[in-house]
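Note that the protein sequences, when read in sequence, are chains A and B. Residue numbering for the first sequence follows my numbering, starting at 416 and increasing by one per position. Residue numbering for the second sequence follows my numbering, starting at 416 and increasing by one per position.
Don't take each hint at face value.
Copies of the same chain are indistinguishable here, so a pair counts whether it falls within one copy or spans any two.
What the hints assert, rightly or not - Straight-line C-alpha distance at most 27 Å; calculated DSSO-like pairs for lysine-lysine:
(1) Lys511 with Lys614
(2) Lys630 with Lys511
(3) Lys603 with Lys630
(4) Lys482 with Lys596
(5) Lys511 with Lys625
(6) Lys530 with Lys511
(7) Lys451 with Lys511
(8) Lys451 with Lys630
(9) Lys444 with Lys625
(10) Lys482 with Lys603
(11) Lys596 with Lys444
(12) Lys451 with Lys530
(13) Lys625 with Lys614
(14) Lys482 with Lys630
(15) Lys630 with Lys444
(16) Lys625 with Lys451
Hint data in this document are derived by calculation from the structure and do not stem from the laboratory.
Number of protein chains: 2
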Amino acid sequence: MRFQQPESLSEQIAQHLGRLIITGQMQPKERIQELKVVADLDVSRGSVREALLLLERRHLIEIFPRKGAVVSDLTPENIAALYDVYATLLVMLASKIASLWEGTRLMPLLDQIQKINTITLDQDSTAEAIVESGFELMQMCLEIVDNPYLEEVLINLRPAVSRTYYLAIRSHRDELVQSLKFYNGLFKAVEDRDMAGIKLVIESFSEHQKELLLKVLADGSAVAEAG
Amino acid sequence: MRFQQPESLSEQIAQHLGRLIITGQMQPKERIQELKVVADLDVSRGSVREALLLLERRHLIEIFPRKGAVVSDLTPENIAALYDVYATLLVMLASKIASLWEGTRLMPLLDQIQKINTITLDQDSTAEAIVESGFELMQMCLEIVDNPYLEEVLINLRPAVSRTYYLAIRSHRDELVQSLKFYNGLFKAVEDRDMAGIKLVIESFSEHQKELLLKVLADGSAVAEAG
């Protein structure tokens with residue numbers, strides 16, 4: 416688990432800022448003032464710059480030479496682009512599990528899916544608990560597949576994907592039942608080693624998420640325009 | 416072109432060290448001494464630390480908390496893992512081109528493939544010129560597809576892939592004809608919008624490269640053991 420080692424100062428700063436962006440407390444296109452972060456958190460400028468590089472790697476900010484850092488924008492185009500890459504890599508991950516699993520190896524994954532079901536259906540669960548339970552499943556799969564390049568790419572995409580999940584859950588919590596159908600359908604396809612089924616289940620869910628998010632963005636602009 | 420903007424000092428340091436690793440002048444598992452780089456290049460410690468984060472992002476080094484940085488190892492397992500992810504993303508890239516192209520849009524790509532053919536068949540070409548001509552084609556495709564996530568992931572994998580290309584060219588230059596067959600076959604499949612063909616061509620080439628590299632690594636260890 417890459418980010419569960421004792422964390423460096425720059426990693427702690429990155430996680431603090433990352434959380435503000437992911438949960439929507441920092442807005443798309445908002446400027447991040449390096450010196451303000453230095454003063455607010457009482458840390459060195461070098462640590463803040465390292466933290467900004469980590470956030471750039473996680474697609475949460477963009478850094479412009481000699482201009483500084485801004486929170487990445489959320490547009491229909493970049494949501495579609497993100498989900499296209501993410502779905503492609505999830506298909507790879509799930510297909511590897513399908514071709515590798517033997518005996519009782521899938522049992523912990525099924526347990527985790529049951530945990531996701533319970534958390535999602537509990538009205539008292541926080542958005543964070545729901546999002547985390549899904550990523551725990553991904554992490555379990557990554558440990559089985561043991562490909563450090565795939566792991567790094569997916570872990571770097573995770574914050575950007577989280578950001579879209581939070582956005583979707585905030586406005587359409589009722590849609591969460593779709594994600595349960597997704598996990599259950601995906602498990603069945605992996606268990607059956609049904610490669611075409613894996614691709615279909617992941618791509619359909621990805622399309623569903625994209626549509627939902629475009630709706631949320633459109634409603635957001637409508638509200639902004641009306642206000 | 417992300418890395419052709421006027422480069423920051425840390426980017427310049429990263430490119431300098433990256434080049435030593437990619438071309439085999441720094442060996443797998445070699446330790447990188449932060450303070451030695453500071454002294455050798457007469458730069459600040461902060462810039463070197465930023466450069467090391469960039470190199471970690473490009474899979475050329477690993478950074479261990481409180482232990483420092485070492486050049487990533489080249490093992491059969493990590494070469495296989497790298498090519499699995501790389502091939503998956505190239506299939507995505509080529510499939511997007513196949514579904515997008517219209518009219519004369521493929522002409523510049525065909526011109527570039529002819530350039531690759533010429534450079535590769537010229538015995539006087541440097542390994543660098545051959546490797547670069549291939550990545551120029553990838554860059555042209557990335558500009559057509561215009562997916563910033565895919566671009567970042569592929570650009571971050573590029574140095575690790577380059578490193579394996581240099582290793583292969585140094586020991587088996589005669590094998591380069593395989594890569595020409597690959598480019599020509601891939602172009603044909605993209606032109607025909609033959610999605611199954613795209614997958615087959617890329618996966619076959621990836622398997623060929625893996626086998627070649629495993630042979631090179633095995634020969635290397637044999638030499639090391641004999642010496």
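Hint check results:
{"no.": "1", "hint": "Lys511 with Lys614", "in the structure": "both (12 Å within a copy, 16 Å between copies)"}
{"no.": "2", "hint": "Lys630 with Lys511", "in the structure": "between (33 Å within a copy, 25 Å between copies)"}
{"no.": "3", "hint": "Lys603 with Lys630", "in the structure": "neither (30 Å within a copy, 39 Å between copies)"}
{"no.": "4", "hint": "Lys482 with Lys596", "in the structure": "neither (45 Å within a copy, 45 Å between copies)"}
{"no.": "5", "hint": "Lys511 with Lys625", "in the structure": "both (25 Å within a copy, 18 Å between copies)"}
{"no.": "6", "hint": "Lys530 with Lys511", "in the structure": "within (23 Å within a copy, 37 Å between copies)"}
{"no.": "7", "hint": "Lys451 with Lys511", "in the structure": "neither (45 Å within a copy, 42 Å between copies)"}
{"no.": "8", "hint": "Lys451 with Lys630", "in the structure": "neither (35 Å within a copy, 54 Å between copies)"}
{"no.": "9", "hint": "Lys444 with Lys625", "in the structure": "within (20 Å within a copy, 42 Å between copies)"}
{"no.": "10", "hint": "Lys482 with Lys603", "in the structure": "neither (49 Å within a copy, 43 Å between copies)"}
{"no.": "11", "hint": "Lys596 with Lys444", "in the structure": "neither (34 Å within a copy, 45 Å between copies)"}
{"no.": "12", "hint": "Lys451 with Lys530", "in the structure": "neither (41 Å within a copy, 50 Å between copies)"}
{"no.": "13", "hint": "Lys625 with Lys614", "in the structure": "both (16 Å within a copy, 25 Å between copies)"}
{"no.": "14", "hint": "Lys482 with Lys630", "in the structure": "neither (32 Å within a copy, 48 Å between copies)"}
{"no.": "15", "hint": "Lys630 with Lys444", "in the structure": "within (20 Å within a copy, 49 Å between copies)"}
{"no.": "16", "hint": "Lys625 with Lys451", "in the structure": "neither (35 Å within a copy, 49 Å between copies)"}
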